[in-house]
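Numbering (our numbering), first residue to last: 10 to 148.
These are calculated hints, taken from the structure and not from any lab test. Misleading hints may appear alongside valid ones.
[What the hints assert, rightly or not] Listed next, with one range per pair, are the computed distances between beta-carbon atoms:
| id | residue 1 | residue 2 | range |
| --- | --- | --- | --- |
| 1 | Arg140 | Ala90 | 17 to 27 Å |
| 2 | Val52 | Leu132 | 36 to 46 Å |
| 3 | Ser36 | Pro57 | 28 to 38 Å |
| 4 | Gly115 | Trp29 | 16 to 26 Å |
| 5 | Ser84 | Val52 | 36 to 46 Å |
| 6 | Leu45 | Ser144 | 38 to 48 Å |
| 7 | Arg26 | Trp112 | 13 to 23 Å |
| 8 | Ile120 | Leu12 | 27 to 37 Å |
Glycine is no exception: its CB is placed at the ideal position from the N, C-alpha and C atoms.
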Amino acid sequence: MTLAQKLFGLHGRLRRRDYWLFVVLISVTTSILQALTRVILDVGPLDPRVMLAGTITWWPHYAVAIKRMHDRNYSGWLVFAGWLPGYLVMAALLVGASTGVIWGLGFIAAIPALWLLVELGFLDGTQGDNRYGPSPKRY
10 MTLAQKLFGL HGRLRRRDYW LFVVLISVTT SILQALTRVI LDVGPLDPRV
60 MLAGTITWWP HYAVAIKRMH DRNYSGWLVF AGWLPGYLVM AALLVGASTG
110 VIWGLGFIAA IPALWLLVEL GFLDGTQGDN RYGPSPKRY
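Please model the complete structure; the sequences and the hints are all you need to start from.
This is how it looks when you write it as structure tokens:
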């Protein structure tokens with residue numbers, strides 16, 4: 010699988026090692042884009058334009074997470090289900106929800122986020138071939 014397929018394609022499987030490498034690379038890229046946006050526009054971290062700058066890296070992040078989920082022999086749709094509560098917290102921040110609502114949503118969002126962290130980052134993939142393709146450890 011090429012680098013472009015790993016970062017942008019939604020098919021196939023991805024090793025845990027490659028997943029962590031890409032997550033760090035994507036997170037650093039996101040942080041740099043958001044920091045540059047804050048400096049250039051002279052705005053705070055919760056400014057919608059800063060959050061929008063971070064959306065540029067959403068697709069690669071989804072792509073590597075989906076392929077990692079495939080390596081665990083799960084549907085990639087579970088990534089969206091796991092991240093949805095976190096997006097609700099961001100939406101609550103943007104609309105100026107009360108602190109209690111944000112804390113409550115944050116607590117709820119932490120549960121699927123921790124589950125995804127364990128599934129994607131710490132558990133080994135399916136041994137051998139699975140319904141999403143051959144083992145990435147063959148290469």
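Taking the hints in turn, this is what the structure says about them:
no.: 1; hint: Arg140 x Ala90: 17 to 27 Å; in the structure: holds (19 Å)
no.: 2; hint: Val52 x Leu132: 36 to 46 Å; in the structure: holds (39 Å)
no.: 3; hint: Ser36 x Pro57: 28 to 38 Å; in the structure: violated (20 Å)
no.: 4; hint: Gly115 x Trp29: 16 to 26 Å; in the structure: holds (24 Å)
no.: 5; hint: Ser84 x Val52: 36 to 46 Å; in the structure: holds (38 Å)
no.: 6; hint: Leu45 x Ser144: 38 to 48 Å; in the structure: holds (39 Å)
no.: 7; hint: Arg26 x Trp112: 13 to 23 Å; in the structure: violated (35 Å)
no.: 8; hint: Ile120 x Leu12: 27 to 37 Å; in the structure: holds (33 Å)
Checked against the numbered hints listed earlier, the structure breaks hints 3 and 7; every other hint is satisfied.
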